[in-house]
Amino acid sequence: MKSRLWTVCALLLVVSLLLSACGGAATPTSEATGNACGVVELQYWNPFTGPDGPFMGQMVDAFNASHPDIKVTMTSQGEYYTQLTTAAAADTLPDVAIVHADQVPTQAFRNVLRPMDALVAEMGISASDYPVGVWNAGEVAGHRYSIPLDIHPMTMFYNADLLKSAGFENPPTNAEEFEAIAAALTGNGLQGFDITGGFPVQQIFQQMLHQFGGTEFNADGTEATWNSEAGVKALQWMKDMQARYSEPNLEVDAELNAFKTGTVAMVWNGIWQIANITGDGVEFDGRATAVPQIGPQMAVWAGSHQLTLPVHKTVDPCKDQAAAVFIKYLVENSVTWAKGGQIPAAASVRASAEFKAIEPQASIAPSVEYAFFPPSVPGITDAFGPLGEAVGAVMNGTTSDIKGALDDAAQRANEILAQNRTTYGAAPQTP
Amino acid sequence: MVTGKRKFNGVPYLFILPHLIFFIVFVGYPFFNGLYISFFNYDYLRPQATTFVGLQNYMDLFRPGSVKYYEFWNSMRVTLVFVVSSVPFLILIPLGLATLLNTKLPGTNAFRAIYFAPWVLSCAVISLIWWWIFQSQGGLLNYYLGALGLPTPRWLSTMPYAMITIVVATIWWTMGYNMIIFLAAMQDIPADLYEAGRVDGANAWQRFIYITLPLLRPVLVLIIITTIIASFNLLGQPMMMTRGDPRLPNGGGATEPVMLRIFTEGFVRPYQGSAAAMSVIVAIIMMAFSLVNFRLFRHQE
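Just so you know, the sequences run in chain order A and B.
The first sequence: position 3 = 6 (this note's numbering), numbered continuously.
The second sequence: position 296 = 299 (this note's numbering), numbered continuously.
Keep in mind that the hints were calculated from the coordinates and are not lab data.
Computed from a predicted structure; not experimentally measured.
Chain B is faced by these chain A residues, among others (derived, beta-carbon under 10 Å):
#, residue
1, Ala-92
2, Phe-202
3, Val-255
4, Ala-261
5, Pro-381
6, Ala-396
Idealized CB from N, CA, C, for every residue including glycine.
The whole structure should be built from the sequences, with the hints applied where relevant.
This is the structure:
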């Protein structure tokens, strides 16, 4: 009996020693010797767990091969922002991280990201190479926190075989053409335009809101303004299109699955669906192109992956220099990334012959000049919550009062914005 | 310490020590720390923004008209509807199955294994399976309903069907566990009691009501309580199957459970204090449920 107890105690001791060894092990760094940094190891995190991951992996491998003095280790993970924030609490953040444009201010204010003004100036990356909206998304309280890597716009996917069968050679570029095609291909088991009651209807609404001349928030992000006349027009248009050309009450992804069966002429979803529902992904001629201009002005919903420097208790200048080299490399070589279904954010890359050879990305690319981004305010994504609820409720038919739902959502968003202002304050704490 | 007559024996305490350490580290400390931060405006990443707010986090949840009030109580209502509509099935179906499998019929072992099998799958797997069955584009169920000329509702995106899909998936997933516990308890009931019942002329139904059920009572109480608590902790199935949809015009989702709301409040938004207050309220409601349950059954004894 007693000996068994000792065995247990001994085992516990061994386990605890092992655990502490894992937790406390510091990777030896070779930079301690004077000015030379030696081989610098960089940790690089991103949320690319889908089919886009391998394309990023290729870029990292190519970078490692061409830069013997820097070794980048890439980690792709889901539930990404929970991972980032808990790593921030434990001071185990990576050296370079991808953050979505609308999350940059939030993560800056939450002490996850640090400003990189000096480094950006050194890198020679300048605002003039980017569309204004996507560049401004990386600026928080007067400081630069991120470099745009890509822009991923709302995209129109269409079944070219169906369009041809109804006599349409080209996809629509305006409201009349869009409705003509949708009407011609609705009925007899076909749907002209499928739209869901969940994701991405909020994003489609945002796009239509901008096309009809509205905005989600006022310029400084203190008030929701989507319950404008433009907002009502936008949501009414979506509801009308659903009633005329779509199956009702579709759940998330149902429009994509319906499209893949070949019975739907057009759907709108993110550009990241290219591999899923065009080319080899389907048994018909599935194609992708820029979304049409329905309202009086052109606007395209888009997200953007941005490269950032996370916070560390002790900043290692060697790692920062290496991170700058790595970030510049990713931006300049984002043609590889484009193959994964993204549009490079840098205009110089988009203008290159290499990128222009990648279809359908190249023909969607001009639309990113019309991409809009939310005001750079911490917690702005929280304020989009009520909008998603209002648009989802209208599209799913849990309410038919469009103006009422948008008003109500705006009021709730204003309350959230006010709470966020109180808790976040005016500027991030300087690390 | 102890009176001189009995010598203090530390060995038993050593045996519970490993569990006690884990209990304190992973249950005890988080519980009291949660209670503590529920009185703060708390963000673990921004110590500068952490301030004592007293009962404010609780008062916000009881202030009608505010965003937090509606979102929290909507998710609480969703969770309660789920508890009320899933727990009876999760008791009655396993009880029935256990009774059937507690016989000497051939093949009972195979059936026990089959009914228990879903329990070993992860939540993500069963959610995906049932999502494929219920989804609207070529989903199994609507395919056959359509072939038979029956109505084909949008199971995942309209009410009340979205809630029904989650209840059905949960029952299929977890009924095997309750069934095994019932079965084990039934096999502990002495066979001579049934023998005596048979001699007295009791039929199968009477033997079940007057012998099996009363002797199962302690296990029944345990299973009801653990099932209620498990149902309160609903999270993965709606996250994977419906994403909380359909959305409601006043905010929140028609299948958004309170655990998802707490996660959103604390980890997607920077309000861990408010999320902790929500957790405390849910814990109090769960304790009340368990207490009522205990009282009801004790009263009958």
